[in-house]
Amino acid sequence: MSETGSHNDVPEQNLPSEHGAHGGDVAVPDDPFANPGHPPHEFRRQDIDERAAKHSERVTAGLFGLSMLGTIAFIACFVIFPVDKIVFIFPFGNVSALNFSLGLTLAVALIGIGAGAVHWARTLMSDEEFSDDRHSAGADDALRENVEQQWIQGAKESGFGRRKLIRNTMFGALTLVPLAGVVILRDLGPLPEDKLRHTLWSKGKVLINQNTNKPLRPEDVVVGSLTFAMPEGLEESQEDFQEQIAKAALMIIRIKPEDIKDKRERDWAHQGIVAFSKICTHVGCPISLYEQQTHHVLCPCHQSTFDLADGARVIFGPAGHALPQLRISVNDEGNLVALGDFEEPVGPAFWERG
Amino acid sequence: MKKLSARRRHPLAALVVLLLALAVTGGLYAALAPAPKAQADDSAQSLAIEQGKKLYSVGCASCHGTSGQGSSDGPSLVGVGSAAVDFQVGTGRMPAQQPGAQIPKKKVIYDQAEIDQLAAYIASLGPGPAVPTKDQYSPTGADAGKGGELFRTNCAQCHNFVGKGGALTNGKYAPTLQGVAPKHIYEAMLTGPQSMPSFPDSTMPQDTKADIIAYLKEVDSSTSKNPGGLSLGSIGPVSEGLVAWVFGLGLLLGIATWIAARTTKAKKS
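Sequence order for the protein chains is A and B. For the record, in the first sequence the residue sitting at position 243 is 243 according to full-length UniProt numbering, with numbers rising by one throughout. For the record, in the second sequence the residue sitting at position 259 is 259 according to full-length UniProt numbering, with numbers rising by one throughout.
Certain hints may be false.
As the list claims (entries may be wrong) - Distance windows between CB atoms, simulated:
#, chain 1, residue 1, chain 2, residue 2, range
1, B, Leu249, A, Pro40, 34 to 44 Å
2, A, Lys214, B, Ser46, 32 to 42 Å
3, A, Cys301, B, Ser46, 49 to 59 Å
4, A, Asp187, B, Lys134, 33 to 43 Å
5, B, Val243, A, Ala349, 29 to 39 Å
6, A, Cys301, B, Thr176, 14 to 24 Å
7, A, Asp194, B, Ser76, 47 to 57 Å
8, B, Thr257, A, Ile184, 42 to 52 Å
9, A, Ile89, B, Phe161, 57 to 67 Å
10, A, Ser329, B, Gln69, 29 to 39 Å
11, B, Gly165, A, Gly340, 34 to 44 Å
If you are wondering where the hints come from, they were derived from the structure by calculation, not from laboratory data. Using N, Cα and C, we set each Cβ at its ideal position, and we do this for glycine too.
The whole structure should be built from the sequences, with the hints applied where relevant.
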């Protein structure tokens with residue numbers, strides 16, 4: 001069964017042994033894999049017609065010339081167009097005149113060079129194919145002998161073997177010099193120490209509404225609303241604003257106390273107002289896709305989902321920790337305040353987090 | 001009594017009885033007729049509530065309960081305010097066609113007068129945010145630059161940085177804000193429809209809402225600036241990468257193939 005199958009798969013004339021068996025009226029060549037060599041060389045019009053070659057030359061030069069014009073136009077556009085000029089260009093819409101013209105002219109400059117080179121190579125440069133056999137890469141014996149003699153003589157003249165002090169100090173210098181490269185790696189540090197574990201929040205710090213830059217009051221925060229808060233004293237003009245807000249950013253929501261499933265969350269809230277870190281515990285994306293009906297919050301980067309009604313527990317996705325909660329209360333003036341820093345590090349986990 | 005009885009056959013007796021009957025009927029009517037109708041000053045408002053209640057009974061009561069108390073099919077409408085009704089019905093989301101992850105925007109089936117009547121009825125059930133006035137939501141004179149900052153802080157996480165919308169969990173999504181009327185954008189911020197949290201005036205004051213509307217108008221019009229050229233849907237690296245890899249690389253491969261496919265030989269084979 002399998003035999004007939006294999007016979008049917010292969011056309012018969014491709015099986016030399018069978019041909020022999022059948023009488024062999026087709027001669028088998030001595031070397032079926034002999035190098036057939038190159039096909040006869042065909043000439044291009046440019047090889048036989050000087051006028052065509054001249055034409056190709058003009059086209060190539062024209063393309064290179066176009067590239068030059070493109071570069072000059074690029075510089076001209078850079079000088080002419082102000083950075084904020086907007087023009088309507090179909091089908092792109094209202095685009096920046098500067099961006100558009102720089103892109104267009106640079107494209108002409110680069111395509112001119114590329115197209116010119118391709119045209120030149122294909123129509124004028126030699127296109128004759130030939131084979132070049134490989135030869136041995138090694139030098140001949142006489143040259144090897146010569147170099148060896150020179151090396152030995154050089155070593156003798158330099159006194160490398162005799163003057164050990166020079167040799168050893170040179171080894172010492174060569175060993176030490178890489179340390180200069182190693183020691184500047186120190187600039188990668190210093191280690192963050194406990195910066196990853198602490199934020200600007202501390203006992204008594206007022207929660208500032210990021211929309212109004214005013215203190216948040218409990219009566220401002222209604223059930224179903226979403227507000228973002230930062231610690232008092234943090235100003236956008238500060239040099240380390242981004243660094244600090246990246247750790248201290250808060251999501252403020254209000255959940256009916258009876259809907260909060262986690263006891264600690266209820267205790268750390270103020271009349272159902274809960275404050276959670278806005279930084280995802282997976283890789284630190286700002287996370288605030290809050291669905292007020294389910295109290296779920298979704299991270300836009302990798303779809304980690306947290307249940308803000310249940311201690312911000314991870315219910316989906318790659319995040320490994322619940323969102324840290326900030327303990328809040330109100331001060332004498334009726335403003336929401338923190339009762340301390342986050343109890344655990346905010347943001348993504350790190351090696352020593354524990 | 002005897003005197004009265006003696007005159008009961010007087011020719012004018014019937015007339016007197018008739019007058020008395022009329023006076024009693026009129027007096028009873030004046031005393032017992034529904035009180036609101038007698039108050040002339042807000043009769044238009046009460047008429048709207050009355051009309052709204054009728055519309056409500058036909059179009060909304062099957063899910064939201066006969067007096068807006070809610071049921072297993074729809075939430076309570078007590079205290080949602082007229083702004084919520086104007087948004088939900090004015091964008092065609094309500095009445096809902098079918099239950100699902102999210103009620104989509106569709107053709108509006110009530111005219112504005114009917115929507116106002118429904119809103120008046122729902123507003124009468126309990127205090128809630130009212131429909132904003134034109135000078136509250138009008139982007140004229142608002143600061144689009146500040147609106148952009150506020151939009152990126154509060155809204156862009158779900159609605160994309162120019163309001164194109166985006167996906168949420170379990171089939172829910174943040175709808176596009178392009179082509180949405182300023183009044184409806186304002187009402188959505190005020191009331192927080194469906195999954196969206198609300199941004200009440202206490203945490204996001206009126207003028208900052210107008211700033212946000214001005215920003216959206218700035219990025220969503222035929223004159224919106226797009227300095228980088230084709231926006232490719234303004235959905236970021238996904239569409240940009242797709243175009244670069246498929247069309248950019250495809251074009252280069254096509255040119256390379258075209259160059260190599262054409263022979264330069266004088267004798268074409």
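So, going through the hints one by one against the coordinates:
In this structure the supplied range 34 to 44 Å holds for Leu249 of chain B paired with Pro40 of chain A, their Cβ-Cβ distance being about 38 Å. The given range of 32 to 42 Å is respected by Lys214 of chain A and Ser46 of chain B, whose C-beta atoms sit roughly 40 Å from each other. A beta carbon spacing of about 53 Å between Cys301 of chain A and Ser46 of chain B agrees with the range 49 to 59 Å that was offered as a hint. Hint check: Asp187 of chain A to Lys134 of chain B, Cβ distance near 60 Å, so the stated range 33 to 43 Å is violated.
A C-beta distance of roughly 36 Å is found between Val243 of chain B and Ala349 of chain A, which places it inside the suggested range of 29 to 39 Å. Distance hint check for Cys301 of chain A and Thr176 of chain B: the Cβ-Cβ separation is about 21 Å, which falls inside the suggested range of 14 to 24 Å. A hinted range of 47 to 57 Å for the beta carbons of Asp194 of chain A and Ser76 of chain B is consistent with their spacing of about 49 Å. Look at Thr257 of chain B against Ile184 of chain A: about 50 Å separates their beta carbons, and that is inside 42 to 52 Å.
Against the hinted window of 57 to 67 Å, the Cβ-Cβ separation of Ile89 of chain A and Phe161 of chain B comes to about 23 Å, which falls outside the hint. Restraint check, Ser329 of chain A to Gln69 of chain B: a C-beta distance of roughly 35 Å satisfies the suggested window 29 to 39 Å. Our hint of 34 to 44 Å for Gly165 of chain B and Gly340 of chain A holds, since their Cβ atoms are close to 39 Å apart.
Taken one by one, the earlier hints fail for this structure at numbers 4, 9, listed in ascending order.
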